Amino acid sequence: MSSNDTTETAADVAAAASGPLTTDGLVQLLTPEGRRVSHPAYDHLVAHLDADALRAMYRDMVIVRRFDTEATALQRQGELALFAQALGQEGAQIGSGHALLPQDHVFPSYREHGVAHTRGVDLADVLRLFRGIDHGGWDPVAHGFHLYTLVIGSHTLHATGYAMGVQRDGAVGTGDPTRDTAVVAYFGDGATSQGDVSEALVFAAVNEAPVVFFCQNNQWAISEPTTNQSTVPLADRAPGFGIPSVRVDGNDVLASYAVTQEALQRARSGGGPTFIEAFTYRMGAHTTSDDPSRYRSAEQEDYWRRRDPIDRLRAYLESLGELPTSFLDQLDAEADDLGERIRTTVRAMGRPSPASMFEHVYATPHSVVDAERAWFEGYESSFLDGKHGDGRHGEGAHHAAGQQTRDGSHR
Amino acid sequence: MSTTTAAAPAAVESRPEPTGVQRLTFAKAITLGLRRALADDPRVLLMGEDIGKLGGVFRVTDGLQAEFGAQRVVDTPLAESGIVGTAIGLAMRGYRSVCEIQFDGFIFPAYDQITTQLAKMHYRSHGRLTLPVVIRVPYGGGIGAVEHHSESPEVLFAHTAGLRVVTPSSPAQAYAMIQEAVRSPDPVLFFEPKGRYWEKGEVDLDAPAANGLDGARVVRPGTDITVVAYGPTVQTALKAADTAASEGTSIEVVDLRTLSPLDTATVAESVRKTGRCVVVHEAPVLYGTGAEVAARVSEECFFHLEAPVLRVGGFHTPYPVAKIEHDYLPSLDRVLDAVDRSLAF
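Residue numbers (the numbering used here), protein chains in the order written: chain A, 1 to 411; chain B, 1 to 345.
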């Protein structure tokens with residue numbers, strides 16, 4: 001990154017030179033122009049990736065970006081309450097996701113749609129949370145992909161504890177590639193300021209837990225730049241906890257794959273935790289409720305648009321002659337199908353029954369919840385047309401044996 | 001998921017199984033309850049600060065690390081959020097952690113993990129995830145301690161859906177309830193009245209722990225007035241009942257045992273009989289358990305009440321310094337004063 005592209009103040013210049021925004025020490029295997037560059041420590045980790053494997057990464061990045069576009073449009077149409085785009089971070093997410101094995105377990109934050117896709121989560125299900133019909137949306141056990149965590153950094157401790165359980169199960173260091181297991185926690189630059197993340201690094205280090213801390217430094221925690229979180233590169237913190245760390249160009253899908261592969265192998269073999277800082281950029285707003293034009297420049301966004309992770313892999317594949325028109329046409333059709341399916345599926349997602357709010361509060365009966373549910377159901381059924389609360393009740397109900405809503409307008 | 005524990009060393013010291021009816025301190029009853037839970041289920045872990053070689057600052061885990069090994073009785077880093085947060089992750093992997101919070105006032109670094117994560121995971125996963133985590137909290141005052149070592153924060157957790165909040169009042173209850181808490185698929189906040197740790201009672205070590213974590217108990221029948229208490233104040237209420245009996249007043253004492261769920265039925269049944277109710281706890285009365293009990297009693301027993309429900313508890317001050325803590329705590333005299341005021345109404 002050249003400082004005159006993105007920075008205005010002396011502090012910004014310093015941050016870009018040696019602070020948390022420096023590009024020093026980033027592992028890179030593909031330049032922004034899509035040229036393959038050698039890295040002696042990481043070349044061997046990508047040597048087995050043939051053109052099919054690279055095209056699979058390309059396909060996933062394109063699919064996830066299409067999902068991003070569709071979801072943003074659905075929010076603008078009022079079909080979603082909110083959406084958080086992964087735009088610009090596809091390289092970090094798809095690269096790392098492709099390094100995972102089925103037995104591994106992921107603890108995401110709330111922007112990891114790309115990783116969700118690599119874990120087989122139906123992207124439409126990701127939108128259940130954003131539509132306001134679910135606090136989760138998928139089976140975290142079946143996918144080895146935990147539910148999104150909205151309290152920043154809390155899940156890094158869950159990942160560490162899960163990894164301590166993996167150790168107790170004897171599922172590290174056996175040499176059996178179908179048994180040895182790693183855990184990955186995804187979080188952002190803002191999360192590194194949370195105490196829970198520091199505690200997770202402490203617990204992981206002293207237990208040598210098989211966990212990978214995958215920090216996507218997308219440079220913005222809503223409106224606050226990474227320079228508000230740190231004066232040094234985020235990866236520099238980990239060695240103080242006794243955890244090896246690496247900085248990677250997060251818009252380079254190949255390098256993201258390589259550093260994650262290295263960290264996962266270390267974890268699965270009993271070598272303990274690793275901290276990865278994937279240096280990337282949040283191209284979109286924090287969420288659809290945010291307005292980045294209030295706090296960052298169009299010039300900065302343009303700079304990062306020229307470093308797009310999809311364009312980069314596309315240029316590389318084209319230079320190899322490995323991106324035939326037939327593949328691109330098929331991928332276009334696939335993306336269109338996904339868009340259509342997302343639109344149709346989301347619009348068909350109904351409102352949960354009001355009484356469902358009482359389900360699964362506890363795993364075993366709880367007399368207070370049971371009593372409140374019984375009262376609520378009696379109250380609901382006291383309305384004559386039996387429709388109170390299902391969104392269709394209007395002003396026309398009769399008041400005879402039961403009662404009539406007096407606030408028909410808000411349901 | 002594997003159920004082996006290849007990484008865990010075997011027990012390093014085997015001991016004879018304690019058995020029969022024994023006279024034990026409250027603390028020792030919990031120790032033996034934990035011991036039994038560890039012996040019954042290899043996926044039960046204890047986690048906390050100084051719980052290993054030291055046996056905990058109150059010695060509640062005394063000898064358990066020597067018997068079950070450092071992988072199952074874990075001396076953790078000094079970080080309460082970390083203890084609870086990693087226990088959540090361990091639970092997702094099938095382990096049942098019992099976390100010791102060293103003192104009541106130190107639970108707050110873990111408050112976020114407990115209320116935003118532990119309490120809600122079963123709900124937000126539609127029941128796919130259960131988190132059988134027990135959090136043991138020595139609570140309450142009366143031991144002459146320094147700041148943050150004598151508090152009663154139980155209501156903060158009872159106010160959070162998804163948590164069970166229980167507190168035993170005798171060694172026998174403690175022995176059974178800690179085992180039931182460990183077996184519960186729901187997260188349990190297990191509040192231990194530390195001022196009673198060294199009081200003794202008979203415990204049947206062979207009795208099955210099957211009383212349930214969801215009911216109050218009438219621990220002394222009476223006819224004139226109901227005194228509702230829990231944890232450390234149950235003994236205070238029983239002493240008040242003794243004193244009142246010598247003065248011709250019959251107090252019925254109800255031990256709530258569980259604050260979530262709150263067993264209103266047992267309390268209401270008692271108040272419909274006596275017509276009067278006093279609630280006693282160490283926690284501040286403002287927005288406290290007494291307020292909840294009073295509201296529910298007034299809803300359910302309105303026409304049986306001879307007097308307003310009265311509350312005896314902590315004031316709306318920080319927990320005071322040790323030299324005056326007994327003026328803050330609900331004493332025998334303050335309970336009897338409330339009983340007299342109710343009877344005179």
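Just so you know, the hints here were simulated from the structure itself, not pulled from any lab data.
Take these hints with a grain of salt, some might be off.
As the list claims (entries may be wrong) - Just the calculated beta-carbon pair ranges, DEER-fashion: (1) G120(A) with E269(B): 27 to 35 Å; (2) G195(A) with D242(B): 25 to 33 Å; (3) A210(B) with V206(A): 33 to 41 Å; (4) S223(A) with T317(B): 51 to 59 Å; (5) A53(A) with H126(B): 30 to 38 Å; (6) G195(A) with A210(B): 38 to 46 Å; (7) M357(A) with D340(B): 41 to 49 Å; (8) H148(B) with A56(A): 49 to 57 Å; (9) E224(A) with Y287(B): 29 to 37 Å; (10) D40(B) with T178(A): 25 to 33 Å; (11) R296(A) with D327(B): 53 to 61 Å; (12) E377(A) with A210(B): 42 to 50 Å; (13) A210(B) with A53(A): 50 to 58 Å; (14) K323(B) with M357(A): 44 to 52 Å.
Said to hold, decoys possible - Here are a few chain A residues that sit away from chain B, every Cβ distance over 10 Å (derived from the structure): (15) S18; (16) H39; (17) S154; (18) G161; (19) G195; (20) E318; (21) A363.
As the list claims (entries may be wrong) - Away from chain A, derived, C-beta distances all over 12 Å, residues of chain B: (22) E67; (23) G82; (24) T86; (25) T115; (26) G144; (27) V146; (28) L163; (29) G215; (30) V219; (31) T223; (32) G248; (33) T258; (34) P308; (35) D327.
None of these values were measured; they are calculated from a predicted model.
Backbone N, C-alpha and C define an ideal beta-carbon position, used for all residues, glycine too.
Here is how each hint holds up against the structure:
1. G120(A) with E269(B): 27 to 35 Å: 54 Å, violated
2. G195(A) with D242(B): 25 to 33 Å: At 49 Å between Cβs, range violated.
3. A210(B) with V206(A): 33 to 41 Å: With a Cβ separation near 38 Å, A210(B) and V206(A) satisfy 33 to 41 Å, so the hint holds.
4. S223(A) with T317(B): 51 to 59 Å: 40 Å, violated
5. A53(A) with H126(B): 30 to 38 Å: Holds, since A53(A) and H126(B) (Cβ atoms, about 35 Å apart) stay within the stated range.
6. G195(A) with A210(B): 38 to 46 Å: 40 Å, holds
7. M357(A) with D340(B): 41 to 49 Å: 45 Å, holds
8. H148(B) with A56(A): 49 to 57 Å: With Cβ atoms ~55 Å apart, the hint holds.
9. E224(A) with Y287(B): 29 to 37 Å: Roughly 35 Å apart at Cβ, these two residues keep to the hinted range, so it holds.
10. D40(B) with T178(A): 25 to 33 Å: 31 Å, holds
11. R296(A) with D327(B): 53 to 61 Å: For D327(B) against R296(A), whose Cβ atoms are near 58 Å apart, the range 53 to 61 Å holds.
12. E377(A) with A210(B): 42 to 50 Å: 31 Å, violated
13. A210(B) with A53(A): 50 to 58 Å: Since A210(B) and A53(A) have Cβ atoms about 57 Å apart, the given range 50 to 58 Å holds.
14. K323(B) with M357(A): 44 to 52 Å: 49 Å, holds
15. S18: With a cut-off of 10 Å, S18(A) remains clear of chain B, as the shortest Cβ separation is near 31 Å.
16. H39: 33 Å, holds
17. S154: 5 Å, violated
18. G161: 2 Å, violated
19. G195: G195(A) is in fact no farther than 10 Å from some Cβ atom of chain B, at 7 Å.
20. E318: 43 Å, holds
21. A363: 4 Å, violated
22. E67: Non-interface label stands for E67(B): nearest chain A Cβ at 17 Å, farther than 12 Å.
23. G82: Violated: least Cβ distance 4 Å, not greater than 12 Å.
24. T86: 3 Å, violated
25. T115: 10 Å, violated
26. G144: Correct as stated: the minimum Cβ-Cβ distance to chain A is 32 Å, above 12 Å.
27. V146: V146(B) is indeed farther than 12 Å from all Cβ atoms of chain A, at 24 Å.
28. L163: Label violated. Min Cβ-Cβ 9 Å, cutoff 12 Å.
29. G215: G215(B) is in fact no farther than 12 Å from some Cβ atom of chain A, at 9 Å.
30. V219: 20 Å, holds
31. T223: Given a closest Cβ separation of 27 Å, the condition holds.
32. G248: 36 Å, holds
33. T258: The assertion about T258(B) is violated, with a minimum of 9 Å to chain A.
34. P308: It holds; P308(B) is separated from chain A by about 24 Å at its closest Cβ, greater than 12 Å.
35. D327: Label holds. Min Cβ-Cβ 34 Å, cutoff 12 Å.
Hint compliance for this structure: hints 1, 2, 4, 12, 17, 18, 19, 21, 23, 24, 25, 28, 29, 33 are broken, all remaining hints hold.
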